[in-house]
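Same order as they appear, the protein sequences are chains G and X. So for the first sequence, the UniProt record's numbering puts the first residue at 1; every next one is plus one. So for the second sequence, the UniProt record's numbering puts the first residue at 1; every next one is plus one.
Calculated directly from the structure, the hints in this document are not laboratory data. Being a predicted model, the structure only gives us computed values, none of them experimental. Careful, some of the hints might be misleading.
[What the hints assert, rightly or not] Rough simulated footprint, nothing fancy, chain G against chain X, three-plus residues with beta-carbon under 8 Å:
# : region
1 : 33-39
2 : 132-144
3 : 180-190
4 : 200-214
5 : 241-249
6 : 288-298
7 : 352-363
The beta-carbon is built from N, C-alpha and C at its ideal position, and this holds for glycine as well.
Protein chains: 2
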Amino acid sequence: MSTSQHSNLRDGQMSLGMNILGFGAHSGAWRQAEVHANAYLDVDYYRNIARISERGCLDAIFLADGPALAGDVSKHPGGRLEPTVLLTAVALATQRIGVIATASSTYNDPFNIARRFASLDHISGGRAAWNVVTNAGDAAAQNFGLAGAPLHVDRYARADEFLDVALKLWDSWEDDAIIGDARSGHFADPRKVHSIDFVGQHFSVKGPLNVPRSPQGRPVLVQAGSSEGGKALGSRYADAIFTTQTTLEDGQQFYREMKARAAGWGRNPEYLKIMPGLSTVIGSTEAEAHARFDALNAWHGEHGLLEQVAGRIGIPAKELDPDAPLPWERIGAVAEFERGSQGFLEAQLNLARRENLSIRQLSRRILVGHRLLVGTPEQVADTLSHWYLAHAADGFNIMPDMFPSGVEIFVDEVVPLLQRRGLFRHEYTGSTLREHLGLPFPTNQYALRA
Amino acid sequence: MSTSQHSNLRDGQMSLGMNILGFGAHSGAWRQAEVHANAYLDVDYYRNIARISERGCLDAIFLADGPALAGDVSKHPGGRLEPTVLLTAVALATQRIGVIATASSTYNDPFNIARRFASLDHISGGRAAWNVVTNAGDAAAQNFGLAGAPLHVDRYARADEFLDVALKLWDSWEDDAIIGDARSGHFADPRKVHSIDFVGQHFSVKGPLNVPRSPQGRPVLVQAGSSEGGKALGSRYADAIFTTQTTLEDGQQFYREMKARAAGWGRNPEYLKIMPGLSTVIGSTEAEAHARFDALNAWHGEHGLLEQVAGRIGIPAKELDPDAPLPWERIGAVAEFERGSQGFLEAQLNLARRENLSIRQLSRRILVGHRLLVGTPEQVADTLSHWYLAHAADGFNIMPDMFPSGVEIFVDEVVPLLQRRGLFRHEYTGSTLREHLGLPFPTNQYALRA
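Here chain G stands alone, though its shape is the one from the complex (with noise of 0.2 Å):
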């Protein structure tokens, strides 16, 4: 397909995130030790992985959380920096990109939460962006005196409620409010500052927020979870959905479903921006890209890919044969407690259902439950283009095995790929990551009428 006939089919561009998870999305990152094995405490770890992402013009970067220490620390680094301070120091080591931090809706108060992504929009520039996750898991209740996580739908109930407040409260504010009159000593319309009165079954917030309108309006909202209730509230609220999508088909699936979601709550299906997640381990050759993904899985032998696997669908791996097919019957049985989240959980099933994998090859196709992509340059951004170009995607979450040498291949050498057909920009074009996310600035609830 020629360059023209591809940046014919979609007006605009791919957007692109980079998803600094630890050392990688390998878990065998640290110990190729392409850096110190405490550079995820250091900023300046960060400072540069944005850095080489702001050289590729990417739209944002991406920081996962969860309030509570996960995984064996005999094993793998643990612990990680709050994302939004930490992404405050990425901002300002930067100038264009965005900065995307994830922080619960379960285990904080709209308004500190509201406030905080204020803040960080205007220390940014007008860069910031929320990612709402309402934490599964026993591990963070218990760090904020539950016994256990409320149910599912209690934690969506109250995400949901939690987001009216926060937008209420950046609203709170009208564009306009400040007059800044030094002379005069007028400093703001008070009209035009709101109290949000808020009353709901989960919070009572009065306002207004103490923090004026930030340079996007609000911060740019990003949802991630793929459960009903997850696709309600992103359809509703959300600017962004990350995803797991592991198979064309299921990817356009979501994509349709999302969109037409989105014009059901009246909302213009073209400012929800789909962007699945894409693991990648990129060579030259596909041989380099194998061995490099070879030396990595070598750390932790084979058994490292099938416990991804058996962990997802929660049956032991010594109980699994690598070479069936994945026990379709007994995946059933499993209780919902003991599988990993839903929508990791079915875009795996999906993938080995529809390409009829055996474990040990499903095993080698996904990392951290994203899809996983073994190979050139080249063949990472024909199935950028493909998903994007066959309406799977608006975007795609980039997370690659390891870092720095992953976004450095990305940048150098899949970005101008992109940009030679057409599908990526050249240099950036806005200022804000509203503004690269293509997304119009938002209208106030509160503003006057005429």
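Please build the complex by placing chain X on the supplied structure of chain G, with the hints as guidance.
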């Protein structure tokens, strides 16, 4: 007194914090328009003040805070950027100076706060401090689902338990928990990463923290309450006390009391630093200083000064005779909730009583509730030296009238005088805030006994 006499009287040197209160401590500062009326939302404004302060080798910059919009936004700049994210930005624009962020123990969860400050401590290379406040006032409460603020006693009981939890979380990774051996795959020693399993009246927190131990061991703790609850809390947990003291005698008495209280908790009293606030209006001559003060006062007339007295005692300004003493008999009858903070009220009453001041005289001796000095650099240096040498203070929280000129004058004119007298450093000798303040590295409560 000669320099040698001065420096012999006390070991060590005084500590100096720079309190960035919006456009300055004087409510007329924004109207003088040294900077644009939106400057308080601009990170560059704060970075500039921090860099000037660092040029003077000050210990820290400080940001007060509360989670509610305060004051009349039609007349005064309203709202503030959230301190932990703002001070992350400031820390990365500086190399040595500490950053003290205020956050509420009443309207936050300990896991979130412990984590955010540990992250800031990592990101700043050991320069983070948390100023713990409990937030009197109903406006904050109404942003968090409450009709009004919890009772004083309940706020402080919660704060006490909050700090106990936070200290455990900060200690939950021992200093040498991380092995970080990529070759063998040993990341951390799991015996040195501790659940805290805290169950109390207000909080149940399992832990461990999901941030390894930070460069200062834990962030420096600052506390500012002068009530009985505040003094008990501060003397038990704090590394530094910010206080309002308006007369030397009261300052000395508070100093003695707090040192004794610290000793009563089994602490070394030297490691509890007492830092009263001092508001400054500085000119090269007394006449210049008073002209500067008059220019600021002109924006709101004398009425603005009288209002600050009226507000603290809870009696409308129009019912007060500026040339009479305080109406002592009425003050006693004013209900507690109509007054300002107990510490600020008492400091003001003590000053009026000790020096037998009229309301007008009193109104010109305090600013934002703190002792005000309008005078020359020599006079400011004299009063700082005097209080320091007379054991009324280990250091000071400086609150200039207006930024940036107020911090420039202090750093360029007052600091050199203190340096010449041997009372203040000529250059930083440590790299962490704890080192600047002369505090030891904290022992980890979970450290394995040999």
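Requested in this report: With a C-beta cutoff of 8 Å, work out whether three or more residues of the region 200-214 of chain X approach chain G closely enough for the coverage to hold.
Outcome: Since three or more residues must qualify, the claim that chain G covers the region 200-214 of chain X holds, with 10 doing so at under 8 Å.
**Report entry** Stated coverage of the region 241-249 of chain X by chain G [criterion: 3+ residues, CB within 8 Å]
**Finding:** n = 0 at 8 Å, threshold three: violated.
Query raised in the report: For the region 180-190 of chain X, do three or more residues have a beta carbon lying closer than 8 Å to a beta carbon of chain G?
Result: holds (count 10)
**Report entry** Coverage claim, chain G over the region 288-298 of chain X, checked by counting residues with Cβ within 8 Å (three needed)
**Finding:** violated (count 0)
Query raised in the report: Are three or more residues of the region 352-363 of chain X within 8 Å, CB to CB, of chain G?
Result: violated (count 0)
Report task. Check, residue by residue, whether the region 132-144 of chain X contains three or more positions whose beta-carbon lies closer than 8 Å to a beta-carbon of chain G, and give the verdict. Result -> Held - the region 132-144 of chain X has 4 residues with a Cβ nearer than 8 Å to chain G, which meets the minimum of three.
Query raised in the report: For the region 33-39 of chain X, do at least 3 residues have a Cβ located nearer than 8 Å to some Cβ of chain G?
Result: holds (count 4)
When each numbered hint is compared with the structure, violations occur for hints 5, 6, 7.
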